[in-house]
Structures are given as C-alpha cells and as structure tokens.
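Residue numbers (full-length UniProt numbering), protein chains in the order written: chain A, 1 to 701; chain B, 1 to 701.
Wrong hints could be hidden among the right ones.
[Unchecked claim] Now the in silico label distances, taken between C-beta atoms and shown as ranges:
1) B/V380 to A/K623: 47 to 53 angstroms
2) B/D129 to A/L342: 43 to 49 angstroms
3) B/A328 to A/V500: 56 to 62 angstroms
4) B/A328 to A/L503: 57 to 63 angstroms
5) B/R193 to A/N144: 49 to 55 angstroms
6) A/V602 to B/K398: 27 to 33 angstroms
7) B/H644 to A/A537: 29 to 35 angstroms
8) B/L656 to A/V489: 53 to 59 angstroms
9) B/A537 to A/R359: 42 to 48 angstroms
10) A/P658 to B/K45: 45 to 51 angstroms
11) A/K623 to B/K398: 43 to 49 angstroms
12) B/R321 to A/V602: 55 to 61 angstroms
[To be verified] The calculated DSS-like cross-link candidates involving lysine-lysine, where the alpha carbons are at most 25 angstroms apart (straight line), are:
13) A/K665 to B/K665
14) A/K623 to B/K634
15) B/K162 to A/K137
16) B/K473 to A/K634
[Said to hold, decoys possible] Which chain A residues face chain B? A few, computed with CB under 8 angstroms, are given here:
17) N138
18) A328
19) F331
20) I636
21) K666
22) E669
23) H670
24) T674
25) S675
26) M676
27) A678
28) Q682
Derived by calculation from the structure, the hints in this document are not laboratory data.
Even for Gly, the Cβ is constructed at its ideal location relative to N, Cα and C.
2 protein chains.
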Amino acid sequence: MRRTSGDEGSSGSRSETAKQQEDKTQTLNVPSKLSASSVGPGWTKASCPCCTSKKVEPLVLVKLGENVRPETKRWLIRLIGAPQKDGGAALLAHPGEDASGDIIMVSAPCCTLLKATEELGLCRIYQDDNMEAFSYKNRHNFKNSDDMEIFLTLAERQYIVKYELDGLWAQRDLRIPGLPDSYTLQHRDNIWRKLGSAGVIEDMFPLHNQDKLRDLSEAWYSGNQLSQPLDSINEYFGSSVALYFSFLDCYTWSLLPPAMLGLLITYFSGRCSISSSGVKLRGDYLGPAGYSHVIQAVFSMLWSTVVMELWKRRSSSSSYRWGTSQLAEHFAEPRPGYHGVLGVNPVTSRVEPLFPEWRRDLRIALVSIPVVGLFLVLVVLGMLCFYWGEAKMQKLHKDWDSLLSQTFLYMPSVVHIVFTNVLATIYKKVALSLTEYENHREESAFENHLTAKVLVFTFFNYFAVLFHIAFFKQDIPMLCKRLGSLLIVSQLVNQVTEVVIPLLVDKFISVTHRTDSEDEPQEDKFRKQGTMPGLFAEYIELLVQFGYLSFFSCVYPLTAVLLLINNLTEIRADAYKICKLFRKPFSQPVTNLGVWQTAFEVLSFVSVMSNCWLLLLSPQLQKLFLEGGISSTKTILLAVLVEHVLILVKLVLAVLIPDEPDWIKKKREHTEYTSMQALRQQTSTRRDGLCFKVPLTQFML
Amino acid sequence: MRRTSGDEGSSGSRSETAKQQEDKTQTLNVPSKLSASSVGPGWTKASCPCCTSKKVEPLVLVKLGENVRPETKRWLIRLIGAPQKDGGAALLAHPGEDASGDIIMVSAPCCTLLKATEELGLCRIYQDDNMEAFSYKNRHNFKNSDDMEIFLTLAERQYIVKYELDGLWAQRDLRIPGLPDSYTLQHRDNIWRKLGSAGVIEDMFPLHNQDKLRDLSEAWYSGNQLSQPLDSINEYFGSSVALYFSFLDCYTWSLLPPAMLGLLITYFSGRCSISSSGVKLRGDYLGPAGYSHVIQAVFSMLWSTVVMELWKRRSSSSSYRWGTSQLAEHFAEPRPGYHGVLGVNPVTSRVEPLFPEWRRDLRIALVSIPVVGLFLVLVVLGMLCFYWGEAKMQKLHKDWDSLLSQTFLYMPSVVHIVFTNVLATIYKKVALSLTEYENHREESAFENHLTAKVLVFTFFNYFAVLFHIAFFKQDIPMLCKRLGSLLIVSQLVNQVTEVVIPLLVDKFISVTHRTDSEDEPQEDKFRKQGTMPGLFAEYIELLVQFGYLSFFSCVYPLTAVLLLINNLTEIRADAYKICKLFRKPFSQPVTNLGVWQTAFEVLSFVSVMSNCWLLLLSPQLQKLFLEGGISSTKTILLAVLVEHVLILVKLVLAVLIPDEPDWIKKKREHTEYTSMQALRQQTSTRRDGLCFKVPLTQFML
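Start from the sequences and build out the full structure, keeping to the hints where you can.
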C-alpha cells in the first residue's frame with residue numbers, strides 16, 4: 001500500500017479506502033498521474049477565451065470529506081469553474097484521478113490571477129521599470145503580464161486560489177446537492193466555511209513543485225552558503241516566509257558585534273581574575289574587569305535599537321522588491337469570518353457586513369484584556385505556588401530526610417510544569433475565540449491580534465521566573481545560573497527537536513518509501529506531510545532569545561555567542577524543515593513582520609529598565625559606590641538618570657535612522673504624487689461610473 | 001497731515017513725501033479712493049477671457065521703495081499681469097492713486113485662484129457634499145467654483161496672491177528696467193526676492209476688509225460670548241490664526257477640571273490646617289490634607305495627555321472643515337529661499353533645484369545642534385554666574401552693610417537680565433541663519449525648524465531657574481514661592497502689555513485721527529499698522545503656562561485657576577490685538593499646529609518625571625514614609641515605579657484615543673481608495689501624457 005505513511009492521519013487513510021472502493025464502481029478517463037506539468041484534459045474550461053491555454057498548472061489541492069457524494073463534488077467543481085458574476089470562483093478545477101475521488105485539484109486562469117493581483121494591491125514592474133500597483137485595465141503596460149509563471153510567484157498564484165475560494169459568497173439562498181437541507185446556503189453566507197463545517201471540505205493546501213523545491217534547497221541549505229536565496233524563497237514560499245528568514249538572517253549577523261564584545265570581556269575578565277586572584281570579590285561572576293558589564297549593558301541597549309531600525313529599512317526594501325509594499329487588504333472584501341449588519345462600506349461604497357469599530361474596541365477593552373490579564377495572573381499565581389511548594393518541600397525534606405521526601409522535592413516542579421502546560425493549551429483556545437469574538441475585518445488584523453495575545457502570554461510564561469529572581473529575590477548569582485542553564489538547555493532541546501529528530505525521521509522513515517516515491521502520484525506525497533504549525537513558534541523562539549540577550553546580557557556576557565551559534569544552525573534547520581518535513585503553507589502577502597516587529601521594539605525599550613536595575617544590584621558596582629562614598633540613594637538616582645538618558649538616546653536613534661531607505665521614500669512619494677494627479681485628472685463622468693456604484697443602488701432598492 | 005501716526009516707521013513717511021512730490025509732476029486718471037469694493041478701471045486685464053469681471057477686489061498691497069522709477073513700476077505691473085507661461089504671475093495689478101506712486105494693488109483673477117487652489121492641495125466641497133482635493137480640470141463639479149468670494153476664503157485669496165508673487169522665477173536672463181545692471185536677473189532667479197534685495201519692493205501685506213472685520217469683531221470679542229466664531233476667523237484670518245484660537249479655546253476650557261480640583265484641594269486643606277493647626281508640618285505649603293498633592297499631580301499628568309489627544313481630534317476635524325487636511329506642499333514648487341543644483345525631482349519629475357536630504361541632515365547634526373547646544377550651555381552658565389554673584393554680593397553686604405553694598409545686591413540680577421536679553425536677541429538671529437543654512441524645501445518645514453530652535457531656547461530660559469531650584473537646590477518652599485510670583489507677575493505684565501497699553505494707545509492716539517479716518521484712503525490706514533510679530537509669542541506664552549501647570553502643579557494647586565482666569569482675558573486680548581492693532585498677517589494654510597503640538601506632548605511626558613521627583617522631595621510624603629518605616633531607598637524605588645507606570649498609562653491613553661474622529665478617518669480612507677482607483681483606471685496614454693514630462697525633456701536637451 002503506497003498510501004500509508006507515518007505522517008498520514010487516520011481520516012486521510014480512511015478516505016483513501018473510501019475512494020478506492022468508489023474507484024471500482026466508477027471508472028473515468030482521467031490521467032492517472034498529476035504532476036506540475038500536467039496538461040489540459042480533465043480541467044474545467046476557463047470562462048473567458050483569453051485564458052484558454054493548453055498547459056494547466058495544478059496549484060492547490062482541495063481534500064474532500066470521506067462521505068462526499070459525487071453530485072456534491074460535481075457541484076463544487078462547477079462552482080469553482082463558474083465565472084465570478086455567477087457567484088463562482090472563476091478558477092479551473094480537476095476532479096483528480098477519478099470523478100468520485102476525494103480530491104479536487106484547482107488552478108487559476110490568467111484573468112482571475114490578474115484581477116486578484118489588482119484586488120490584493122500587489123505591485124509589479126511597470127514598463128518604466130518601477131514597481132507600481134497592478135491595474136487590470138492597464139495590464140499591457142506591466143512587464144510579463146502575459147506569462148503568469150514569471151508575473152506572479154508560485155506562492156502568490158497559490159494564495160490567490162485560496163483567496164478566491166475563501167471569498168466565495170452565496171449570491172442567493174442555495175441548496176447544495178447531496179447535502180441535507182440543514183446545510184442550505186443563505187444569502188451572503190460564506191460558501192467555503194459552510195462547506196468546511198458541513199464536512200465537505202476537509203483540507204486545502206498548495207502543491208509542491210519538486211523541481212523548484214530541489215533547486216531552492218540546493219541554493220539554500222545543502223552547501224555551505226552564508227547567505228540565503230531570499231528572492232527564491234519569496235518565489236516559492238511567499239513573502240511571509242521569506243521575511244521570516246530575512247529577519248533571521250539580519251538578526252543572526254547583527255549578533256556578531258555583541259558576541260565579539262562578550263568574548264573580549266570574558267577573555268579579559270578571565271585574565272584579570274587570574275592576575276588578581278587575591279582580590280576576588282563576591283561579585284566576580286560579573287567579571288572583575290572594571291566596568292566591563294556596564295559597557296556590555298549600554299552597548300547591548302543601544303545595539304538593539306540600531307538593529308531594529310536597520311531591519312525596518314531592510315524589510316521595506318524587501319517588500320518593495322517583492323511587490324507587497326502597497327497591499328490593499330483594507331479596501332478588499334472582509335475576511336471570511338467577519339460578520340456584521342449588511343450595509344454600505346463608507347470607504348469603498350460596496351455592500352458588505354459592517355461592524356462598528358467602537359464595538360470592537362469595547363470588546364477588546366472589556367473582554368479580551370481582562371481575560372488575558374486573568375491568565376497572566378494565573379501564571380504569576382502558579383509561580384508563587386511553585387515557590388511556596390518548593391520551600392515547603394525543602395522544609396519537609398530537612399525534617400524527614402528520607403527517599404520519599406527527596407522525590408517530593410521534585411513534586412512542585414512537576415506540578416508547575418503540568419499546570420503551565422495545561423494553562424498554555426487552554427489559553428491558546430481562549431485567545432482564538434477572543435480574537436474571533438473581536439471580529440476583525442482584515443485577515444492581518446486578526447492574525448496580529450491573535451499573535452499579540454499568545455505572544456504576551458508565552459513571553460510572560462518564559463520570563464516570569466527570571467523577573468521574579470531579578471526583581472523580587474534580587475539574587476544575581478541565581479539569575480546568572482538560571483539564565484545560563486536556560487540558554488544551554490533550551491538550545492539543546494531546540495536543536496534536538498528541530499534538527500536531529502526530523503533528520504532521523506526523514507532518513508529512516510523515508511528510506512522505506514524511497515523506492516516507490518518516484519512512482520507515486522504527487523498528491524499522495526503531500527498527504528504524508530503534516531501541516532506546518534505556522535511561523536509563530538519560530539518567531540517566539542527568536543523573541544525569547546532576544547529577551548535573554550537584551551534583558552540580562554549584563555550578567556552573562558556570553559549570551560550573544562551562544563545565540564549566534566544557535567542561529568547559524570537554526571537557519572539551516574528551519575529551511576530544511578519547511579522544505580522537507582512539512583506541507584507547503586499558504587502564504588499571505590505581507591508588508592512587514594507586523595506585531596512581531598512591535599514586540600521586538602517594545603522588548604528593546606523594556607530592556608533598558610531591566611539592565612539598569614541589574615547594574616544597580618550588581619555587588620561590584622555597589623562596592624565601587626561604597627568605596628567612593630556615594631550613598632545608596634544617590635546610586636539609585638544615578639541609575640534612574642542613566643536609564644532616562646538611555647531611553648532618550650534610543651528614542652532619538654529610532655527617530656533619526658529613517659525607517660525606509662531614501663530611494664524607497666522617493667518611489668513612495670512618486671506613487672502618492674501620481675495617484676493624486678490621477679484623481680485630479682479624473683473627470684466627473686469617470687468618477688461616477690466606477691463599478692461599485694451599481695451594486696449599491698441595486699441593494700438599496 | 002493725515003499720514004503721520006505713532007505706528008508709522010520713518011521710511012514709510014519719507015516715501016509718502018516722495019510720492020506726493022511725484023504727485024505734482026504727474027497726474028493720471030486713477031480713482032482717488034480704493035476700497036474693498038473698487039471697480040474695474042485702472043486694473044490690468046486678465047489674460048484669459050473667462051476671468052474678466054467688472055468688479056475687482058483688491059487683495060494685497062505691494063509697497064515699493066521710495067526711489068523706484070516709473071519704468072520699473074510699469075515693468076512690475078506688466079510682470080504681475082502677464083500670463084504664467086510668459087513667466088508672469090497671472091494676477092491683476094493696479095498702480096494705486098497714480099502711476100508713479102509707491103504702491104501697487106494686486107488682485108487675482110478666477111483662473112489663477114483656481115489653479116493655485118489645486119497646487120496648494122486645498123479641499124473644497126464636491127458635488128456629493130464631501131470635501132475633496134480641488135482639481136482645476138474638474139472644477140465644475142465643485143460647489144461655488146464660479147464665485148471666488150464664497151469658494152475661497154479671503155485669507156486664502158490673499159495668500160494665493162502672495163504665493164504667486166513669491167513664486168515668480170526668471171525664465172531667462174533679464175534686465176529690470178530702471179535698475180542698474182548689477183541687479184540683472186539670472187535664469188531661475190527668484191524675482192520677488194531679487195526685487196526685495198534691490199529695494200524695489202519694501203513690503204507686501206494683505207488688505208483689511210472693514211465691513212467683514214467689523215462683523216468679525218462683533219461676533220468675536222465685543223459681547224460676552226463664550227465661544228469664538230472659529231469659521232469666520234478662518235475665513236478672515238486664515239487657518240493658522242484660526243487654529244491658534246481654536247487651541248486657545250480648547251486649552252482654556254480644559255483648564256476647568258484641574259482648576260476645580262485645585263480649588264477643592266485648597267479649600268479642604270485650608271479647613272484641615274485650621275482644625276489641625278496643632279499638628280502643622282514643615283511641609284504644610286503642600287496642604288496638609290492627606291495625599292491631596294499626589295491626587296493633584298496624578299490627575300494633572302493624565303489630564304494633559306487626554307487634553308492633547310482631544311485637541312488632535314478637534315484639530316483634524318477643523319482642518320477637514322477648512323479644507324486644509326490634504327495640503328500638497330510637498331509636491332508644489334520649493335520655497336523661494338531654497339537652493340540647490342538644478343535637476344529632475346524624482347517625485348514630481350519637474351525640473352527644480354535639488355538638495356539631497358542627507359546633506360540637510362548632516363548640517364542639522366553637525367552645525368545646528370551643536371550651536372543650539374552651545375547657547376543652552378551659555379544660559380546655564382549665566383544662571384550659575386548669577387547664583388555665584390548673588391552669593392558673593394550677599395557676603396559682601398554682610399561684611400560691609402552699607403547703602404552701596406545694598407545696591408550691589410541688585411547687581412547680579414541686573415547683569416543676568418541684561419545677559420539673558422542680549423543672548424536671546426543674538427540667538428534669534430543665529431537660529432534664523434541656521435535654518436536658512438539647513439535649506440528646507442518646504443515653507444512649513446522651515447517654519448517648524450525655526451520654531452523648534454527658538455522654542456527650545458526660550459523654554460530653557462524660562463525654566464532653567466525653576467529646574468535648578470527643584471532638582472539641585474531641592475528647595476520646595478523656594479520653588480513654590482518662585483512659581484507663585486512668576487505666575488502672578490508674568491500674568492500681570494502680560495495683561496498690561498497685551499491689553500491695557502494697546503487699549504490706551506488705540507483710545508488716545510486713534511481719537512486724534514478718528515475725525516478723518518472715515519475719509520482717508522484705505523491704504524493709508526494700513527500703513528499705520530505695525531506688522532504682527534507672528535503667533536510665536538502667543539504660542540510660547542501658552543507653552544510656558546502649560547509647563548508651569550504640568551511640571552509644578554503639585555506644589556501650587558492654584559496654578560490652573562490663575563491660568564484659567566488669565567486665558568479667558570487672553571482670548572479677548574489676542575482677538576482685539578489681531579483685529580485692531582496690527583496689520584493683517586498673511587496666513588499660510590496649515591493642517592495642524594506642527595511643532596507646537598509636539599512641544600506640548602513632549603512637555604506632558606517630561607512632566608511625569610518632574611512631578612514624581614517633586615513628590616519624592618515633598619517633606620510631607622517623606623514624613624509619611626518615615627512613619628511607615630519605609631527606607632528612603634524603597635521610597636525612591638516606589639517613585640520610579642510610579643513614574644514608569646504613569647508614563648505607560650499615558651502612552652496607552654495616547655494610543656487608545658484615536659487622533660482623528662471616526663468620520664474623518666472614513667473620509668480619509670475613502671479618498672485614499674478613490675485615488676487608488678483613479679490611478680488604476682488611468683490608461684497608459686494618459687499617464688505618459690502628464691504635462692511635466694515635456695519640460696523635462698526640453699531641459700535635458
């Protein structure tokens with residue numbers, strides 16, 4: 001049986017069998033093998049004549065539920081192929097190996113792709129070699145607009161298919177053939193969501209292109225390259241993935257200066273401690289070499305702002321190059337989950353569900369924030385209970401001193417870990433429902449709010465203990481120990497789970513299937529792969545790292561060195577993972593890192609406070625001040641002054657370093673200027689004649 | 001002699017005599033009286049037929065130098081009247097009472113006004129009742145575009161005349177008739193600046209319209225109105241003046257809550273001090289009533305952020321209503337003083353002088369900031385010398401104790417005041433040259449940078465002593481005394497100089513001329529009035545007030561009450577001043593307060609630090625902590641914590657309160673959407689055919 005594999009879920013293999021049973025009853029003339037270069041027959045016809053081409057590239061695989069009836073599938077294929085004015089998606093569909101199988105392959109004709117490009121607000125190369133927001137009406141003036149494989153990246157074409165399918169709305173009340181009446185579509189229902197909840201559609205994912213993937217992985221991680229092929233990553237995986245790797249790259253190289261400084265400090269303080277071993281202080285874990293940790297702290301505080309500003313510049317040139325700098329999500333149709341009272345959008349004059357912003361703000365303020373706060377309190381409570389339990393157990397152990405009491409010593413840790421994990425699992429669900437409840441109009445706003453919620457919690461979870469040690473226990477040696485072990489242990493765990501296990505799995509499990517892998521149909525290979533959990537885990541890993549580095553760098557100068565080593569392997573591991581181990585993800589075009597960028601910036605400012613506090617606590621500095629006859633009050637005031645000055649310097653740096661390179665700024669202003677000119681050139685007839693006015697009046701009548 | 005008056009400068013009256021001498025030699029048929037309703041004859045013809053109207057409204061008076069020859073004046077009138085394609089200003093000119101007199105009256109024909117409206121980016125009411133950026137091509141769809149007196153405000157029409165005159169460039173090398181060869185215009189020279197430096201043009205100012213002014217002043221300050229007629233102020237004086245009065249209004253009314261709180265606290269603490277007179281503390285100037293000054297401080301800190309956010313909302317609706325929300329200064333011609341290498345502007349593709357931004361930044365960083373810093377150091381040095389001198393003199397007085405030594409006691413103050421004034425005078429000139437040297441492209445950027453420089457210095461000058469007392473001497477009673485006297489003295493001085501003296505001058509000096517005032521020509525009345533020193537002085541007064549209130553409110557709870565009383569009279573005084581006592585100023589359309597808004601916001605954040613520090617110093621709180629057994633270290637840490645939390649709350653408040661009302665946001669987004677649509681609708685032919693492409697190639701050849 002070629003279709004069973006370790007990665008395959010049970011429902012998948014069950015539907016396989018269901019399909020095979022149907023194979024026997026029905027036999028149709030469809031190609032038995034679908035590859036990236038599959039050709040014409042079997043595909044639905046494109047609705048406009050200009051899009052009929054012999055070669056159709058399958059882009060997305062829609063996986064149907066196991067009990068979907070053939071008439072439902074036929075209806076679905078018709079729907080996918082129908083023109084948009086008839087409520088269809090204007091895409092191309094293929095029933096897979098046979099008409100009653102549980103998959104539908106979807107592709108997109110030229111015109112649908114071009115129209116969606118305009119809707120999404122993607123920029124393309126104009127005839128004068130500038131990037132301009134694509135306009136369908138004006139398509140002949142954009143370079144390569146006749147060849148979709150050059151004009152749009154593979155990731156964009158696949159995302160557009162998903163975008164069109166997700167955006168299918170019922171134009172009127174509609175019964176779906178082969179489904180019970182309870183699933184009848186109402187006017188303005190989102191068809192794709194309804195089909196999902198009815199179990200008709202089980203999954204949908206973009207198809208890999210093995211040739212391109214091979215080329216990409218060779219250029220990416222097979223050799224000893226120092227730089228990543230970011231443009232190819234964008235071409236194959238889309239801008240969100242490419243931006244992640246670009247950020248990882250930027251961040252890793254920017255670790256070089258603090259790593260070198262850390263090495264220098266460790267080296268010199270090591271030499272010092274040998275030569276002056278007689279005068280070892282209690283605070284020598286900070287390195288007795290003069291003010292080295294002050295230098296380290298101040299450097300790392302200013303460094304983090306500079307890095308973030310440089311990243312913003314890099315990010316803006318990337319998004320310009322990749323054509324995602326002027327995304328028009330705000331003016332597009334709302335995301336499928338968005339609901340509200342039907343009305344006329346005051347911005348676009350289209351009829352769509354409306355939900356007033358103040359109600360969203362109210363929901364955020366009165367529901368989301370208190371709930372998130374409650375969970376954070378639970379984290380703190382958990383931590384306090386842990387400390388309380390640990391103290392109790394230690395007392396118990398002292399009193400009893402038996403083997404049983406020794407095992408009890410581990411009890412609080414175990415309970416705490418279980419509690420934390422359960423809490424995190426619950427929280428993730430709660431965060432999702434809260435964000436759904438907030439009812440965001442745009443997909444990116446939804447993502448950002450969800451990410452922000454999970455992010456705050458995860459971050460709190462990671463750092464609560466460290467902050468407790470630093471601010472309440474004020475126990476710097478313990479902080480240092482804890483930080484060192486966290487850095488080393490978490491990196492080891494990371495490397496093992498991210499690199500070693502997947503490698504082993506791939507080596508050993510794949511080998512058994514290697515023989516028939518050349519032979520099996522494409523879609524079966526994809527079925528084996530699990531869905532990638534998204535970039536959240538990757539980003540949070542970087543953020544926590546960044547937190548260790550910027551919050552506590554002055555107590556552990558080697559942090560940057562360890563992180564640099566970790567990141568250099570991380571790049572390869574992540575690249576390998578996304579290419580080989582997981583299903584290809586859909587990638588929405590994005591302009592920047594969104595909420596992650598904010599999180600890194602906030603961290604970089606909070607780190608000033610934490611560092612100043614740690615310096616204040618450092619016994620060495622305290623001794624220095626004591627020797628200089630400076631009172632502890634004055635020391636604190638000095639620390640506060642230093643903190644304020646540093647924050648001011650960081651603010652000034654952030655303002656002074658422009659967020660976008662000069663040439664991007666000029667291009668942006670040029671676009672603003674031309675669109676202002678265009679608006680003025682428009683005479684009234686054209687302005688009134690814009691298409692959206694018609695549905696509006698239709699609806700009002 | 002009707003033309004002599006107290007306000008008239010000597011050069012003015014000399015030119016009068018010169019004119020009268022010429023009167024005798026030449027007599028021409030020009031109307032002897034020019035009023036706002038003056039009609040046709042004498043005016044140059046409009047270059048386009050659609051603009052010929054019988055009634056011409058004189059807008060701006062150009063005052064020529066005393067020795068200007070008639071041929072120069074004739075050339076100038078021709079230049080003003082010539083169409084723009086011939087290098088003229090396309091305005092209407094009138095030679096005044098006689099052809100060789102020293103004035104030219106300028107008006108503007110309809111088409112010039114409309115074209116300038118588009119260039120400036122002013123918004124007007126479209127046929128669908130929305131405000132839209134005006135487009136000349138599309139003018140018939142804007143309401144009232146055929147009646148300039150309704151379509152544009154008087155202030156806008158007058159500003160446009162100035163804008164056109166200021167923007168006159170020599171299209172080729174040109175000899176000015178009647179001037180020596182050294183004043184020959186070179187290609188791309190700014191004609192108006194050259195004429196100014198050659199002494200041909202002495203002054204230029206907008207004309208008052210007595211009827212409108214009377215109506216305005218009746219509605220504004222004659223009665224007991226509580227609200228100001230802001231729309232009429234905008235109509236008559238322009239948006240910059242109207243925004244100032246709108247801000248003054250908003251700020252004054254927002255003083256009510258802190259004033260009431262201050263009164264309450266004073267009342268209750270007064271009662272307390274009577275009932276508990278036995279337990280009077282050393283710190284009873286703070287009011288012995290519990291934590292009243294803490295409440296006052298926290299309230300005023302949060303209050304200032306809320307006020308600024310509310311102001312931003314009000315400001316954005318005002319600028320929407322007044323059509324200045326989408327000013328296109330950035331895309332217009334550079335300001336007259338701008339210089340650089342001729343090149344093609346990458347944004348607008350026009351040929352104009354270019355000056356790279358990095359060079360400007362470099363000049364700011366390497367020249368302006370150090371020089372400004374030097375002056376600030378001089379202020380501090382002056383202050384330190386003053387303290388040193390005072391101490392010396394007091395010692396001297398103690399040793400000698402004579403009448404001579406007693407007069408010596410005043411020496412340091414006198415020297416310090418003289419030093420400060422001389423420094424301020426020098427600084428103003430230096431700031432102007434520095435800003436000229438920075439070579440800003442836009443008038444508003446120039447203004448903002450100049451204002452910022454003077455502002456920082458003035459502010460430092462005002463507050464250096466108070467900060468010295470608060471932070472170095474840490475002498476709260478002295479601070480309290482000083483603040484009280486400053487508030488009362490400065491307000492008294494203000495009221496006297498701003499209200500009483502002008503009133504007296506107006507009453508007594510005007511009375512002598514009242515008899516013939518109805519009879520004398522309009523332009524002679526204007527000659528009497530001095531130029532208004534700009535709104536800088538008014539704004540800095542508000543800012544310093546705001547500084548007193550927010551920095552030190554916790555030591556002197558009645559600050560808000562005093563300021564409220566002051567501002568209520570200030571509104572009337574300022575209104576009277578601008579209407580009656582000064583020449584009407586030109587008013588560039590502005591969107592918001594610019595750098596002043598930033599200054600108020602920065603102040604409101606800095607005030608948190610100052611308040612927390614003052615609370616820390618307050619003997620009463622120190623005693624409370626002492627009684628509670630809390631160490632001074634812990635107290636400081638608590639203060640720091642409170643400060644950080646307050647800053648965080650202020651930041652959150654600033655982010656949470658949207659900067660513009662919801663309806664404005666929607667309108668703005670709608671405009672963005674339509675201009676995006678317009679850009680897309682544009683086909684290639686139209687895009688290539690934009691007018692600016694032609695001069696570009698002409699120039700390149």
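Quick rundown of the hints versus the structure:
{"no.": "1", "hint": "B/V380 to A/K623: 47 to 53 angstroms", "verdict": "violated (33 angstroms)"}
{"no.": "2", "hint": "B/D129 to A/L342: 43 to 49 angstroms", "verdict": "violated (24 angstroms)"}
{"no.": "3", "hint": "B/A328 to A/V500: 56 to 62 angstroms", "verdict": "holds (60 angstroms)"}
{"no.": "4", "hint": "B/A328 to A/L503: 57 to 63 angstroms", "verdict": "holds (59 angstroms)"}
{"no.": "5", "hint": "B/R193 to A/N144: 49 to 55 angstroms", "verdict": "holds (50 angstroms)"}
{"no.": "6", "hint": "A/V602 to B/K398: 27 to 33 angstroms", "verdict": "violated (57 angstroms)"}
{"no.": "7", "hint": "B/H644 to A/A537: 29 to 35 angstroms", "verdict": "holds (31 angstroms)"}
{"no.": "8", "hint": "B/L656 to A/V489: 53 to 59 angstroms", "verdict": "violated (40 angstroms)"}
{"no.": "9", "hint": "B/A537 to A/R359: 42 to 48 angstroms", "verdict": "holds (46 angstroms)"}
{"no.": "10", "hint": "A/P658 to B/K45: 45 to 51 angstroms", "verdict": "holds (50 angstroms)"}
{"no.": "11", "hint": "A/K623 to B/K398: 43 to 49 angstroms", "verdict": "holds (44 angstroms)"}
{"no.": "12", "hint": "B/R321 to A/V602: 55 to 61 angstroms", "verdict": "violated (37 angstroms)"}
{"no.": "13", "hint": "A/K665 to B/K665", "verdict": "holds (24 angstroms)"}
{"no.": "14", "hint": "A/K623 to B/K634", "verdict": "holds (19 angstroms)"}
{"no.": "15", "hint": "B/K162 to A/K137", "verdict": "violated (42 angstroms)"}
{"no.": "16", "hint": "B/K473 to A/K634", "verdict": "holds (15 angstroms)"}
{"no.": "17", "hint": "N138", "verdict": "holds (6 angstroms)"}
{"no.": "18", "hint": "A328", "verdict": "holds (7 angstroms)"}
{"no.": "19", "hint": "F331", "verdict": "holds (5 angstroms)"}
{"no.": "20", "hint": "I636", "verdict": "holds (5 angstroms)"}
{"no.": "21", "hint": "K666", "verdict": "holds (5 angstroms)"}
{"no.": "22", "hint": "E669", "verdict": "holds (4 angstroms)"}
{"no.": "23", "hint": "H670", "verdict": "holds (5 angstroms)"}
{"no.": "24", "hint": "T674", "verdict": "holds (6 angstroms)"}
{"no.": "25", "hint": "S675", "verdict": "holds (4 angstroms)"}
{"no.": "26", "hint": "M676", "verdict": "holds (6 angstroms)"}
{"no.": "27", "hint": "A678", "verdict": "holds (4 angstroms)"}
{"no.": "28", "hint": "Q682", "verdict": "holds (5 angstroms)"}
Of the numbered hints listed earlier, those contradicted by the structure are 1, 2, 6, 8, 12, 15.
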